[in-house]
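J.: Here is how the chains run, residue by residue.
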Amino acid sequence: MWLAIFSLTLLGTLLGLALGLAAKRFHVEASSIVAEIEALMPGSNCGQCGFAGCPRAAAAIADGSAPVTVCPPGGKALAQMLAARLGISIDLTSVADEGPQIAIVAEDICIGCCRCSKVCPTDAIVGAAKQIHNVIREACTGCGNCIDRCPTEALLLQPLPVTVQHWVWPKPATVVIALAV
Amino acid sequence: MGIFEKIFRHHPPWGVHPDDHKLPAANAPLRSLPLPALLYVPMQQHVGSPARPVVLVGQHVLKGQLIAEAQGNVSAPVHAPTSGRISAIGEVTAPHPSGLAQLAITIAADGADTWCERLPVDDPFALAPEEIARRTAAAGVVGLGGATFPAAVKFNLGRRLKVNTLIVNGGECEPYLSSDDRIMRDRAAEVVDGLRIVMYAIGAREALVGIEDNKPQAIAAMRVAAAAFGNVQVRPVPARYPMGSDKQLIQTLTGKEVPADARAAEVGVLVHNVSTCAAVHRALRRGEPLVERIVTLNGGALTRPGNLLAPIGTPVVDLLRFAGVSGRPARLVLGGPMMGIVLPHARVPIVKGASGILAFDAAEAHVAEAGPCIRCGSCTRACPMGLLPLEMASRIGADDLAGAAGFGLSDCIGCGCCAYVCPSHIPLVQYFSYAKGELSARERSKLRNDATRRLAEERVARLEREAREKAAAAARRKAERDAAKAAAGAAARPLPVRIVKPASEAAT
Amino acid sequence: MTAYLLLLLSTALVNNVVLVKFLGLCPFMGVSRNMDSALGMGLATTFVITLACAATWLLEHWLLAPFDLGYLRILTFILVIAATVQFVEMVVKKSAPALYQALGIYLPLITTNCAVLGLALLTAQEKMSFLRSLVYGFGSALGFTLVLLIFAGLRERLALARVPAAFAGAPLSFILASLLSLAFMGFAGLSFQ
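Chains as they are written, first to last, in the numbering used here: chain A, 1 to 181; chain B, 1 to 508; chain C, 1 to 193.
It should be emphasised that the hints constitute simulated quantities derived from the structure, not laboratory data.
You may find that some hints are simply not true.
To give a feel for the contact side, a few chain C residues facing chain B, derived at Cβ under 8 Å [as the list claims (entries may be wrong)]:
id : residue
1  : ALA159
2  : LEU160
3  : ARG162
Just so it is clear, CB atoms sit at the ideal spot from N, CA and C, and this is done for glycine as well.
Taking the hints into account, I'd like the entire structure generated from these sequences.
T.: This is the structure in structure tokens:
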């Protein structure tokens, strides 16, 4: 019995030592994956994902508490890149990519208070005090930060209409295989 | 392939040979369409950015007058196809598979068809090549074979890449269509003159006119017209779809293969369609912008098929009425049956790239139900680009678009040979169109994300800069206040104190 | 020499560890979605099995047999195998991060891959010589890698096929595995004499 205890202890100690040495030899720097994910994100810190800014969302995606599909402005493209980076497979068809949206200003009720332009993460709203504001279409990400700030409800989100240039052919309907029973 | 075929093979090892259905329409003499009452001229009739209207509703315009100007580098202007009053600038159904609306200028014809002032050139060869490109661009000439790429942009590209050979595409391999055939038979001199102008504009030394051997009259007419010019050769090519595709025609005529992701100009060749050459001739010699074109009207549902000279913007319904529709066509197609666009209805205007309007009867429009792939490999033999359509389609079906791209999806020219030969009637081309569209949409959204990130970074930089400037301004004001205070104190005190402004410190 | 070659062939094909002995089915079903990770898994397992066979032979003949500690066999073997797997994990993480990502949970699970322990126990049971047990382990591991690659290749193609919903995914994979197993039964008729 003492022999058994002794030999097992010896074996364990030796293997433990060997593994300890190996761990030192093959040490890998702590994962820089959060930084990598953050670099992929849009970086506008719009908050649509529910996290306080892109760095937090990146950390959540890295530790697995948020899905890669969490970022609405990033859409399918971002989800796919993140999935490739993390080595996971995702079902892209479930990504709610309901198309881009942009904010528009109802010019007849805008009072030029400048509240919206201050919160826009991409500086997409132009306008000076007491002047009608407007949204630059190309710069707006449709994050909706400005919507609640407007005291006169002059801002609203609208889906970008599908144009001939951006239209995509639908996927052909799948063939239904009739089973010969 | 048997040894016999290997020795006596007379057609390339790709493509298909559908029943061409070109007669009797091709032999019917060219007719002119009576002027329609209303013309709807779309702003996007070319590849690139849409044109921007420069006329107002209610304004009277003359035929050939500029009504929309080009926007951006790759674009083309649009001219009034007849004289009349601008009755509306609004949206009409676009000749596009989506059936979505598109901006168009509506002209109520006054019936006089009065031309605006034209500036013909007696000797285009005395002009600088740049001037020819400029005039071609101003005349709104685009590739009339169907691709509708602005012709002048290609001229400049050809000159820059020192293109040696101009290939003139008279292939017209699509079944049913005969508009290029007709223009070569009836206006061969115009085509040859136009192609010589194009040669001069791009600095090419020789021109090869490739015409499929199922158009003997066109070949004969073109040979007569080109006889006087030693550097223009008319070369019959085997009738094989898609011979009219630039890469296939280049390979057949010159033996050069255009590499993947490269343009034809990079192998020293430029391709222009015969109709484009004729349009260049008109733009230079007569000063006429591109306002009309020959449209083939064909299909089982028409009683008088043939080729019509019609102004751009004519509604399809007027063309059909002229050609006589028997019953209700089962399907309307703009362009050829292989690569054309199914029109949602007949109230769609024709555009510069509309080579034909096909009205199919029920038998022609019949689409068999798709079955499962039996992996027979017919599509791989038919593919003119040497791709594996079955592998690409199965990957797209399983949503593996990256896998399909790995099989060379970006080289697919969408010719439809694979779908034509598929014994299971799988809509292969739709799979590829879907995948290409989806991939480019993802690419766009990636670019958009990058742009958003840049904007966000710029905003952060701006906020920091503002904070810095504010702090600097506050420091300066404080220093000025201190100085003023000190000065006031110094005035009261007998000894003057020297003040050093800490401006440089505040600025850092 | 011929004997070792025959041993290699017969362990890899005739007595295939996965399809004939039905050991190591967990990674066989788990890491066979694509060829790349299947190859990585196969190579890692080959390394572990070969090393484990050598180490357990030493244990058996220098520790367990001389001191009559046969009842500790499974315990000590597991210890050695677990240490080897830990070591492999460190090496893979350092040298091939992408493979590390792709193998995921299945890499530490080589520890509980019954093929590893099973082969170690078999070599001990058969009282093979050191070299023989080494070849035996290596041959079996080659067989494991081969089958994993074949299966992954088939599954890659199968992923593109349209199959009735009831068969999609795991059910079809099991049917495929059984067909593959039937195919390998064919080697049983081979005689190397």
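J.: Just to be careful: measuring from the Cβ of LEU160(C) to every Cβ in chain B, is the smallest value less than 8 Å?
T.: 4 Å, holds
J.: Using 8 Å as the Cβ threshold, decide whether ALA159(C) counts as touching chain B.
T.: This hint holds: ALA159(C) lies near chain B, its Cβ roughly 6 Å from the closest one there, short of 8 Å.
J.: Let me know if the C-beta of ARG162(C) comes in closer than 8 Å to any C-beta of chain B, holds or violated.
T.: With a minimum Cβ separation of about 6 Å from chain B (threshold 8 Å), the hint on ARG162(C) holds.
The structure shown violates none of the earlier numbered hints.
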